[in-house]
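Enquirer: Numbered according to my numbering, the sequence shown spans residues 1 to 139.
Among the clues, some could well be false.
Derived DEER-like restraints, expressed as beta-carbon distance ranges [what the hints assert, rightly or not]:
1. GLN109 with LYS132: 40 to 50 Å
2. VAL45 with GLN4: 33 to 43 Å
3. LYS128 with ASP98: 13 to 23 Å
4. GLN9 with GLU55: 12 to 22 Å
5. GLN49 with TYR107: 25 to 35 Å
6. GLU36 with GLN9: 24 to 34 Å
Derived from the structure by calculation, the hints contain no laboratory data.
The beta carbon of each residue, even a glycine, is placed where N, CA and C say it ideally should be.
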Amino acid sequence: MTAQCKVTQYLSLISISLLLAYPALAGNVYKFSDDEGNVLFTNVVNSRQQPVGVELDHFKTLEHITWYPDTNVHSYGNWGRDESAVLPSFSKLRDAFDRLIVQEADYHQVDRGLVKAVIHTESGFNPKALSKPGAQGLM
């Protein structure tokens with residue numbers, strides 16, 4: 001099996017895992033759409049469950065609310081000692097996987113920014129990341 005096939009398989013597995021994630025600790029994630037089919041994911045809504053921000057007024061259709069658990073990112077040994085270890089400006093490899101992210105996101109019809117955000121959040125662009133549950137690599 002080629003390395004590219006393994007990466008494709010791994011990204012597919014991650015996507016499925018995220019979709020099937022058990023109820024979590026961070027709060028609600030709201031999925032909105034507009035009349036043109038654009039999708040917005042946000043955790044910031046007003047009391048009427050509409051996205052906050054003038055530029056987001058056109059996202060009127062609430063499609064789904066999901067509740068995700070919060071995590072303590074510093075409980076994983078690969079993050080570093082403080083918050084700066086997971087900030088994008090401190091992620092040395094944050095652009096190293098852009099070609100692969102674009103390729104796989106387009107192939108699986110997933111938003112490129114979402115894939116990059118998940119990798120940033122879950123593994124800090126560390127291809128050798130290892131979580132306590134056993135997930136490895138870019139997550």
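Enquirer: Which constraints among the numbered hints does this structure fail? Numbers only, ascending.
Expert: 1 and 4
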